[in-house]
Amino acid sequence: MRKITFKKGLSFTARHLFLLVLCLIWLIPIFWLVLNSFSVFQGVNIRRFYPEEWTLENYRWLLFSGGDSIAQFTVWFRNTLTIAVFTCLISSSFVLMVSYAMSRMRFNGRRGLMNIGVLLGLFPGFLSMIAVYFILQTFNLTNNHWGLIMVYSGGAGLGYLIAKGFFDTISETLSESARIEGATESQVFLHVIVPLAKPIIVYTVIASFLVPWMDFIFARIILNSGLSKDWTVAIGLYNMLDRSSINTYFARFCAGGVLVSIPISVLFVIMQKFYVEGITSGAVKG
Amino acid sequence: MVIFMENIKKALLGFFGFFGGVGRDFIKGDIFVKLSALIMGIGFIRRRQYVKGILVTLFQLVIIVFIFSFAIPNLSKFPTLGTVKFEAVFNLETMRNEVNDFDHSFKILIYSLAAIVVLIAAAFFWLQNIRNVRKSEVLSREGKSLPSFLDEVRELRDKRFHVVLLSLPCLGIILFTIIPLLVMILVAFTNYDQQNMPPAALIDWVGFANFKTLFANTATSAFGYAFIKVLSWTLTWAVLATATCYIGGVMVSLLINSAKTKFKSLWRTMLVVSIAVPQFVSLLVVRNFFANTGIVNTYLSQWGVTDFLKDIGLVASHIDYVPFLTNPQWTKFMIVTINVWVGVPYLMLIATGILMNIPQELYESARIDGANPFRSFIHITMPYMLFVTAPFLVTSVVQNINNFNIIYLLTQDVYITTDQTLANVNAKEIDLLVTWLYRLTQEYYNYKMSSVIGIMVFIVCAIITLWAFNLVLKTNKEDKFQL
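Just so you know, the protein sequences line up as chains A and B, in that order. For the first sequence, the positions run 130 to 415 when this note's numbering is used. For the second sequence, the positions run -3 to 479 when this note's numbering is used.
Only chain A is shown next, with the shape it has when bound in the complex:
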């Protein structure tokens, strides 16, 4: 009897020890980022894992000093926030509209439109970026935040699949009974389905809000003036690690990375709860 509990205890410890080691491996780079953000030494510390001298100066410099011609963190943050709010508004409404129409309504050409969507998804996204850049240029929208908002939200309707999967799972009888009571399709959408779709709306809103914070490819193509005050957080931080500036900005980069990561992580953790729900119900129901 005793032997069994001992064996069980051993496997219990081994299992949890293994998980602990696994999680630590996953967190090492994050630890390194956080530790370096408190470093007095401004370059990449290659002698030790942790800084020799500690300071909060990097954070103060980013947030309150106004920065310099290379790094203007507060300006970048404001830019990205503006872009993110508008992108979020436009693209989440696009996604919800398309997914509702594709999931709950039946009309001529529905299949065809969905097939076109699949086809477009097979092209690498930034193949068309060069053409988008020239189109925006003819309308004077390059190096302009509205141009970037359009780029982020213009094609948003194509990302409707997860939300559609969710709408598919809502029972048809609800909207049916609303229709019998004389509700129009738009009333069914706004007053029956939308209130029920709260999880997927939260997911869509957060996912589209995060796009401008995470993306640096499109931003770098569209905002290519080289003026630091136009940039988003992503391009700004990326440029801080340029070969010529990495030795003076690495600690500040880490501090900036920590600062953007905090709000993003919070939103991300909220979102992932709905992500799983959306993707699994979408996969099962087709």
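The hints are simulated quantities; they were obtained by calculation from the structure and are not laboratory data. Treat the hints loosely; a few may be bogus.
In the DMTMM-like style, the derived pairs of lysine to aspartate or glutamate whose C-alpha atoms are separated by at most 25 Å in a straight line are [to be verified]:
#1 B:Lys30 to B:Glu138
#2 A:Lys327 to B:Asp154
#3 B:Lys155 to A:Asp297
#4 B:Lys6 to A:Glu305
Keeping the supplied structure of chain A fixed, place chain B upon it in accordance with the hints.
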């Protein structure tokens, strides 16, 4: 393949059915139906649907103005992409450079495509209009009252609500996805590159010459060699990255969700934190972490690992660091490993959701039948996971083919190729097709070749998707799992 063909057949039938319907309505309709092919609103005005009649006629006027002021000037230059070269002449009187009225080839290309898209849409509207006029005629013949304009607007909130829902998103997709994509496909058939850059130079159509370049190896161009190399690494990478992340993610999630594991949400949160940090932050950190003179190398040489790796031949003897991100083999290994770091938490989340969805009755009955946990894993968990995640696996292979971030962020400015043949065509051993494409456009302005590569990426992705979905459909075990 059968279902795919069915779909195509249906689409074609619907497409030609539309034209047949228009033809029938045009022949059977009265004089006003026929006249509405000329003046679009006339049939509606005859049936006293004044607002609608005036609106469609106005639309027609706008289109006519569009055709003469925009479509014809651009489309007439489309076959040659312009003939008047850019010239700047210094004017002695005004003391300024004066530019002639030159043709901007790329603008001609974009505007012509936009014109074609608008004209196709207008043509469909025009044909549909004939059908609508005929419908009004039939209704009034039968003595039924025609819907007023207000009624039709009201319909938009009900039966035709999808028009309201879809029009703006579709417009966005046409403007920001379809037209740019078509433009870039056309660029693949031109000579648009650094030597031929509008506005200073004109660009010309060159037919399939760029495609030939991509497959050929000549004394001056090694695109064929580079393409095969990059393509095979892209495919290897896509399969490796998907498989490692999938297996790793499922294992970790099984471990965490096992009944014997305590503090489930703690482990989950710790893993998720690592992906919650934006990739451009975490991957740039990792890149410096593994740099030749980076912290990892410092510790490895302190602990004697570097010397050990030298002894067994994994590190060349003339360097005293591990070339994590500078040697081709090491870099490939590191990219796949770091991708596991990025991908496993995602997969863990998805797998957790699916594992929770597996009907518990299945396990119950298996236990009653005397199956041990291992057997129920093999016979219930595995097939269920594979079935549910099959579409997801296919899409993640396609996504990994296009996985730009990880390779670009880890190797840009760090990795320098030693293979001169590859360097001649601006490729690197660790490039995916998409990172190669990106470098060709952003650093070398070689738009023609990058468009060709983009089309190749599309073809590869399309083949994989079609092949995989047919496989899934053929072995469709849906009924087995639906309760």
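Hint-by-hint comparison with the structure:
no. : hint                 : result
1   : B:Lys30 to B:Glu138  : holds, 20 Å
2   : A:Lys327 to B:Asp154 : holds, 23 Å
3   : B:Lys155 to A:Asp297 : holds, 19 Å
4   : B:Lys6 to A:Glu305   : violated, 29 Å
Of the numbered hints given earlier, the model fails hint 4 alone.
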